Amino acid sequence: MSILAVVVLALGASQDDVTRAVERLGSDDVTERERAARDLERLGPPALGRLEKARDAAADPEVRGRLEHLVRSIRKREEFGRVFGETRRITLRAATLRAGDAAAELGMALGEKIVLEGKLEDAPVDLALDGATLWEALDRFAAALGAHYAYGHDGVTFRPGRTGRFPAHCSEQFRVAITEIQRLDFRAPGPSGETLLLTLELGYQRNMKPVTSSARERFTIESVSDAAGAPALSDQPRWGTSMSFQGLPHGLLHSFFARADAKGPLTVSGATAVPFAYETKELRLALEGEGRKVREGPFTLAVEACTPSAAGLAVSLRAEGEDDVALHRGEGDVHVLDAAGRRHRLIHRGGVGSAAGFTWDFEGFEGGEKVERPVALLVPWITKLHWVEIPFRFEGVEVPGP
Amino acid sequence: MTIRLLLVLALAAPVQEAGPVTLEKRERFSVLAEEISRATSCVIKVLSGVQDREVQVSLREAGLFQALDAICRAHGNAGYLHPRWADPDENHREIRLRPIAWVDYPSSYSGPFRVFAAQYVRERLRTDRGSRDGVRVHLALLAPPSLPLDWQSGTKVRWSFAEVRDADGRDVLRPPGERVSPLVHLTAGVETGLNSDETSLLLKGFDLDRGLSVLRGSVGLSVPENRPIRFPLEEGREAATPAGPLVVESVKPHGERSWRILLRFRELKEGADLDKVFLEHGRIEHDSGSVRLDVLEDQRAIEIRALFLAAKPGWVELRVREGERKIEVPFEIRDVRFPKK
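Residue numbers (my numbering), protein chains in the order written: chain A, 1 to 402; chain B, 1 to 341.
Bear in mind the hints are in silico, worked out from the structure with no lab data behind them. Since we're looking at a predicted model, the values are computed, not measured. There may be inaccurate statements among the hints.
Taking lysine to any residue and the SDA-like style, the derived pairs with C-alpha atoms no more than 20 Å apart in a straight line are [said to hold, decoys possible]:
id: 1; chain 1: B; residue 1: K340; chain 2: A; residue 2: S192
id: 2; chain 1: B; residue 1: K312; chain 2: A; residue 2: E304
id: 3; chain 1: B; residue 1: K312; chain 2: A; residue 2: G81
The calculated label-pair distances, taken between Cβ atoms and stated as ranges, are [to be verified]:
id: 4; chain 1: B; residue 1: P148; chain 2: A; residue 2: G247; range: 27 to 35 Å
id: 5; chain 1: A; residue 1: T157; chain 2: B; residue 2: P245; range: 47 to 55 Å
id: 6; chain 1: A; residue 1: D338; chain 2: B; residue 2: L307; range: 24 to 32 Å
id: 7; chain 1: B; residue 1: R73; chain 2: A; residue 2: I347; range: 53 to 61 Å
id: 8; chain 1: A; residue 1: D28; chain 2: B; residue 2: R73; range: 58 to 66 Å
The beta carbon of each residue, even a glycine, is placed where N, CA and C say it ideally should be.
Take the sequences, apply the hints, and build the full model.
If you want it as structure tokens, here you go:
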């Protein structure tokens, strides 16, 4: 049993390594292709020039497509590092280690509470991580355990069992994956129909904040093709009148449809486009008189109503702006400042939005606090957003048969 | 497909307004609809476009929906379910007969109620968390308008299933406690646009073309019996309630077209639980007529938020719970098949 943590200062690769990995991108084995892509992506920005040359010289359009995807992914890494800061990366080697001990090491390195359910604690595990991001580390640990995991509100829970092939693409603080596939066969006295429903998940580190509540509309599916290369993307069937999405603590979902007669495995490519916050400031609005309204960039915020209530205080805050994303910029804990300079957290009671603006309602204080002489509202406001556009290309997506 | 009438009416208390219908005649469709309306005290409208031709019916002591289904089936081009499952002008206080092709959903009638199976969806789910195969059956309960089932009525609905078998007689009810469920649901939902409650049940897989041989269970309804107490919203005004005298403390604007109303008990009867004494929803001088009541933590006050009301409201109507009526609607639907078309 051994464990060794190493800091990897630099990753170098010879021309031959790159050439060999590019050749492996043309392998018939999807696992081999994925391993080659991972090896090339790990080379990072220093390898961009060589990868671009290889892309331009590639005779096989499939290989060219994979290289183009790699180039775009590496550029994204640079971009995310610039905007959100460097990603924490870990290096860890565990050979035939008890899973419970490996989880403790991994949790410490990632700054995450890791819980193993079932009898996973005592299972032996081999793990070799070289400069892995959080998501890469969790994926590799799950694969080594033969488990799946949930990135929850206050930790990561691994549960026994791992089925099928659900490809994932990790990019710094983010992870895009096909998370579930459903074949649905509908029957009613009149119509009948069958479809494939595929769901993508964009996972993000818990320190990141997406700035939208309708992110499921913000993925682009560029193409879906079947095993023969024929287009397989289809529209939502007419019988499916509505879709509901389960909320995830640190993930956004997007679903799309494929033809029921499409023969798997499928290849899916596209990109995410979700705004994330990277700069916030606290705005101060007076509860009465002058200063009830403030202008912040293209947005106007105003204390629309402030009424004494049985629970202490009822406040309505309204935001108006030209950009609808702005309507979600105010989510976060809102406080009331009293005359003595103390802060008291207001309880959020709901909100109403339209194209014209958004109103948040607050009433009462945390812990039933009574607040004497409230004077101002303190609102955390997101001032800078970055659109996280991660290209993805998933091959070998297996679909359930009829 | 057979439609079976359950003779066992297990109503703890009958829904008196929707009386039985006896019709044995050949008559114009609109006349028959009017006779059903009269017998059941239910507002039934025949919309324009429904051909008013003569149809033959033979009904003895039939319930509201059994009678309506009989005349619509005999007509062939009349029905009350909206063809797109969503009626933009839905009104739960009446039933509208429309010019649509009659669709015979497998049904069970019990007194004035109808339970029917609307559709199947075979689900084959694959996730990295596990797999699940099954068939979801969607069902609806239709109730007479006199017994509202919507969320404002306070009526609680509980579906239970006793026996579900496929065409070979195999039990297809699933054991409770399965962990894998989809993150995304595509709903081929059933929204009748009528006074109804809908549910769906995931079963073990079976041959969809051959369907189910039996789907048996019951729907339990807990209907609050309530008495409205209406009083003017004048500050200082007092109203008598079973929990004690209630005083209008304040009626204040809160933002545009929004009002906050605070009602406080001058004296609260010992042991009174306001959440049980009052129904959650009442009415206020307001177009849509509904308000939500919040009982404050100290149990001595009620706060009401009224939205979209330009002028100061003049009155409020609270509903006092005086009892609860239990109704059991048994259903047994036979030969539930939706072959592929």
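Need the status of pair B/K312, A/G81: alpha-carbon distance at most 20 Å?
Between B/K312 and A/G81 the Cα gap is close to 56 Å, so the pair fails against 20 Å, i.e. violated.
Taking the Cβ atom of A/T157 and the Cβ atom of B/P245, is their distance within the range 47 to 55 Å?
This hint holds: roughly 53 Å between Cβ atoms.
Should the hint that B/P148 and A/G247 are 27 to 35 Å apart at their CB atoms be regarded as holding?
holds, 31 Å
Pairwise beta carbon distance, B/R73 to A/I347, judged against the given window 53 to 61 Å:
holds, 55 Å
Under the criterion that the straight-line Cα-Cα distance not exceed 20 Å, is the pair B/K312, A/E304 satisfied?
holds, 18 Å
Hinted pair B/K340 and A/S192, Cα distance within 20 Å:
holds, 6 Å
Outcome of range test on Cβ distance (A/D338, B/L307; 24 to 32 Å)
Holds, at about 29 Å.
Could you check the hint for me, namely that A/D28 and B/R73 are 58 to 66 Å apart, CB to CB?
Since A/D28 and B/R73 have Cβ atoms about 60 Å apart, the given range 58 to 66 Å holds.
The structure fails to meet hint 3 from the earlier list, while all remaining hints are met.
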